[in-house]
Structure formats: C-alpha cells, structure tokens
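Peer 1: If you want the building blocks of each chain, they are given just below.
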Amino acid sequence: MWSTAIWKKTWGDQRVLLLSLAALWTAFPWIYIWLSAQIPMPAFQDVLLRAIPRDWQKLSGVPFSEVATHAGRVALAFVDPVVVLAATVWGITRGSDAVSGQLERGTMEMVLAAPVRRVAVFVTQALATTVAAAALCCVLFGAVWSAVAFGPWAGKVDPARFVPAALNVFGLMVCMGGVSAGVSAIDSYRWRTVGILCGFYVFSLLAKLVGRLSRSFAWVGYLSVFNCYEPQRLVGPPEESWRLLATYDGVLIGIGVAAYVVGAVLFARRDLPAPL
Amino acid sequence: MLVQTRHLAKRYGSFTALDGCSLAVPAGEIFGLLGPNGAGKTTLLRLLLGYIRPSAGSAEVVGFDCVRQSLEVRSKTAYLPGEARLFRRMDGHRVLDFFAGLRPDCRRDVAAGVARRLDLDCSRQVARMSTGMRQKLALAVVLALDVPLVILDEPTANLDPTARAEVLALVREARRNGRTVIFSSHVLSEVEETCDRVAILRAGRLVHEQSLERLRRCHRIRARLTGPLTEIPAALAATVTIAERGQDTVVLEAGDSLAPLLGWLSTLPLDEVRVEPVGLAAIYDRFHRQQG
Chain G
1 MWSTAIWKKT
11 WGDQRVLLLS
21 LAALWTAFPW
31 IYIWLSAQIP
41 MPAFQDVLLR
51 AIPRDWQKLS
61 GVPFSEVATH
71 AGRVALAFVD
81 PVVVLAATVW
91 GITRGSDAVS
101 GQLERGTMEM
111 VLAAPVRRVA
121 VFVTQALATT
131 VAAAALCCVL
141 FGAVWSAVAF
151 GPWAGKVDPA
161 RFVPAALNVF
171 GLMVCMGGVS
181 AGVSAIDSYR
191 WRTVGILCGF
201 YVFSLLAKLV
211 GRLSRSFAWV
221 GYLSVFNCYE
231 PQRLVGPPEE
241 SWRLLATYDG
251 VLIGIGVAAY
261 VVGAVLFARR
271 DLPAPL
Chain E
1001 MLVQTRHLAK
1011 RYGSFTALDG
1021 CSLAVPAGEI
1031 FGLLGPNGAG
1041 KTTLLRLLLG
1051 YIRPSAGSAE
1061 VVGFDCVRQS
1071 LEVRSKTAYL
1081 PGEARLFRRM
1091 DGHRVLDFFA
1101 GLRPDCRRDV
1111 AAGVARRLDL
1121 DCSRQVARMS
1131 TGMRQKLALA
1141 VVLALDVPLV
1151 ILDEPTANLD
1161 PTARAEVLAL
1171 VREARRNGRT
1181 VIFSSHVLSE
1191 VEETCDRVAI
1201 LRAGRLVHEQ
1211 SLERLRRCHR
1221 IRARLTGPLT
1231 EIPAALAATV
1241 TIAERGQDTV
1251 VLEAGDSLAP
1261 LLGWLSTLPL
1271 DEVRVEPVGL
1281 AAIYDRFHRQ
1291 QG
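Read top to bottom, the protein sequences are chains G and E. Counted the way this note's numbering counts, the first sequence spans residues 1 to 276. Counted the way this note's numbering counts, the second sequence spans residues 1001 to 1292.
Only chain G is shown next, with the shape it has when bound in the complex:
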C-alpha cells in the first residue's frame, strides 16, 4: 500500500504549485487585513447595515451584525475567491493528475510495469496531496494568526478563533482533491477530468446560491459541497464553532475520502489504455 519512490515523486510534482500557493496564502491575509483596516469599523458597519438590502444577508450565511465585527471581517478572508479558488485549484490540479493526468502524459505505463499495486500508487499520491493540503492550511492559519496578532487590528481579536475556519478550508481541499482523484481514476484525459470538475465547481456555487436565495428551492443548496464550506460561521463562540466544524468537515472530508476509496477501487479494476 506504500511506495516511497512514488511519495517522493508526488512531492516533486506538486512542489511548484505548493510553494506558489504557500506564498499566496502567506501574503494574502496580511494584504487583506491591511486593506480592510483602511475602512474604519463605523464606516464599514454603516455600509453593511444600512446600504445593503437585508435580503442579501441570506448570501453571507451569518447576520450582518456578526460580519461587522473585527472577527467577522477577518473571517471574510476565508471566503474570498483568493482562498476558495486556490483551495479548489489545488484539489482539481492534484486530483486530476492522479490517474488521467499520468495516463495522458503516458508516464503511468512505466510506473505500473513495476511490481507496485495500482492502489498503492493511488493511495500514496492521495496521502501526499492531503498532507500538502494540511501544510497549506497551516501556512494560511499562520499568516492569518500573524496578521491578526501583529497587524493593524492587533489585540482586537483572538487569532485562535480562526483555527476552525482554517480547518474548514482543509475540508474543502480534501473534498475537491478526492472528487477530482475519483473522476481522474475512471478517465484517460486530464483536460476532460478538469472540465468535469470545473462543471462540478460551478454547479456547486450555483446550487448554493439558488438554495440560499429561493425558499422553494432551498433543497438545491444541499447538492452543493459549498453548503459545508462556511468559515465565516466558524468564528463565533468556540463550542458552537467546533460543533459546526465537525459537521462541515465531516461531510467534506467524508465525501473526499469516499471519492478516494471509490477511485482506488475503480482504478484497480479498470483497463488502462495504451498512451496515445
């Protein structure tokens, strides 16, 4: 079930993306909090509570009064496209490379000529991707912690409150990585895998929006994995935050792990086409 050579190779393959996202997530919280601090809290509260229609509150997932706090404003960094897109890009890029990427490049052929189980190749890559996702979330939390502790809002909010939000990002990365690897396991072309997953991403975003905005179609929201990605709701009282996180990450990581397991089984049983 394990191959050290594959483990090392996977880290080599994901090194550039890992370092790029680590650099992005190191800089982003500092820039975000610095930019946010340029708008004084009363002005922000004024815009949020008076200028934006109350109905739009549904989209934020939490009352505007909670958003209009230092913790609420920092938490918005976790739902910023820089974080959500980067987490999704990580999952799709690494997951799609697991099988169809390597089949398309033709490199899987020589690897599987060795006495190594397909499941071992798949699982080793999945572990490397997941460990790297955890490392990225540590980087993100570290950057948020340092920006909160030493930035313009130093002393106004406890940085430890953002641990559940960072863990929710990890849940999203595992989910996207697992679903991507699962689709990759049955496909032979990476471009098609990426296309399918982009469709999945867009569908999830739209389903969440529809579920939030329409009372009669509220059930559509449950079809979206983003229904369980709500880091802005995880900066409240610790007990409630951890309880919510357990539900959210339970679903996200559950979907990710289930997709990895199904992908591993299908990959082990399928016919592998000759490289084109």
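Treat the hints with care, since some could be wrong.
[Stated by the list, open to error] Straight-line Cα separation of at most 20 Å, SDA-like style, residue types lysine to any residue; simulated pairs: (1) LYS8/G <-> PRO1269/E; (2) LYS8/G <-> MET1090/E; (3) LYS8/G <-> PRO1104/E; (4) LYS8/G <-> GLU1244/E.
What the hints contain is simulated information worked out from the structure, not anything from laboratory work.
Fit chain E to the known structure of chain G by using the hints.
Peer 2: For chain E alone, kept in the frame of chain G given last:
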C-alpha cells in the same frame, strides 16, 4: 514454459483486438512478435502485464496468472512500452534514481552502464531530450532489471543505426545471461537477426509460428523451365514444395538442407537457376499479402 497463453482474447465491444491467442515461450528464448499496426501485438503484451483484462482465455508468466497474480508477474518482468514516456521535469539521473527506488531489482549502476553504452547524456532534462534519447533512457531502466523475462515493444524505434545495433547486442546478451526476451518489432531484418522464433499476428489472430533456425535452412530455388517438370520424388516430398509455377518458370521451396535435393535438381530441365534464402519477409508477406 516461461510464458504461456491459452485462447487469450480481448474484445472492446464488437471490436476484437486479440482473438484466441495460444502460444508458449520457453525460457532462454528471444521470441519475436510480428504484425502490422493493429494486429494485436501490444494488446497481447499489455494483457501479459495486467494493464488490461482478458475477455476470454488465460495467460501465465513464470507460472503466475497474469490477472490474479499481476504483481508477481511484474516482479519477474521488465517491460519497455511501445512509446516509453518518462517524467519530463526530471533529468536522466533522477529518472534512473526513481526506478532504482521503485524496483528493488533495478540496479542503478547497471542502468548507468547501459546508458553509457547507448551513448546517452543523463544530465539532460527529459523534456529537452530527443525521442531517441528518451527511448535510450527507458531502455537503460528496463535492461538494468534483474528479471527472467524482458518484454520489449518496438525497442529500436527512433534509434540511430549505432544505438540500434547496441540494443540488439544487449538483447542477445540478455539471452546469454539466461533471460527470455519477447521482442515486438516492425523491422523484419532485426527480428530475423536476433530472434530464435517468431509469431505472426494478423487482425488479432496468431496465424503462424516460425523457428528462425529452421527458416535459415530454408531456400528458394527460382528457375526457368526448359521442359516439363517431373513429379517430386516421394523421398523428397517432405522437404521440397512447388511454391509458384508459371508458364515457363518455377519456384521451389526447400524446407531443410539443400544437399539431398541437388541430385534431383540436376536431372530437371532448368535454366537460370537462382538459390536464395527464404527469409522472414517471404513468410511475413505470405500472411499479410493475403490480408491486402
């Protein structure tokens, strides 16, 4: 038998890629696989390695079932794919390191030695290597493995003549070291030069097996007839056949030594007699011209 297949078949919907292929390859032999594109050569090799599952039949390598014991099969096999593709970001040394780490039976020093023999610069990144250089790198990985069976799918494609000759020498060395080699190629001359036996595939079916040693003893006698051709004597009927007969020409095919024939040939009304080895091309054409 080191490799044995029984009625092995692979179908994709209504398309049959391999149809009831039964063959046996004894240990220590260089076994050639011949056939045009789409004949089923690569399908057969991929079935042996467990990349694809048979629709019918079975296959064994070194006594292990190719489906149920694929891991054991691959631990006894070195395989060079038809178009070997390696990790583009690595340089040659790192590719050799990777496979030495992946396979305990891959000797890094031997791989480096093979690369040197093939005049390959391993310091270059794979992405910057030519197709031929990548082929050499893959060959260095495959030929460094200490395994009883080596499967080479068109190993000399993309290679220059010098490297091609070196690869054929390495294949013969592998046999001298007791290994069995399955060698798939389109180049009849190198198959004829290297293999002990060949199988010819056509449209997924194994249509002919030929011992090369026996083929080397076969000759064709082309001549112009100057009179009526007499019947082949009963004593020679097993060794000589009339392959072609024109109005005033004849082609005889001798399946064994020419010596017993010479007396009879001297009695025939023949002129402009030419004796030539049959060659693999003639055997190959016999099956593939029919298809055309």
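Peer 1: Look at each hint and say if it fits the structure.
Peer 2: Hints, one by one, checked against the model:
1. A distance of roughly 76 Å separates the Cα atoms of LYS8/G and PRO1269/E; the hinted pair therefore is violated under the 20 Å criterion.
2. As the CA atoms of LYS8/G and MET1090/E are separated by approximately 12 Å, the hinted pair is consistent with the 20 Å bound.
3. Restraint check: the Cα-Cα separation between LYS8/G and PRO1104/E comes to about 16 Å, which is no more than 20 Å; the hinted pair holds.
4. Taken as a hint, the LYS8/G and GLU1244/E pair is broken in the structure, with Cα atoms around 63 Å apart against an allowance of 20 Å.
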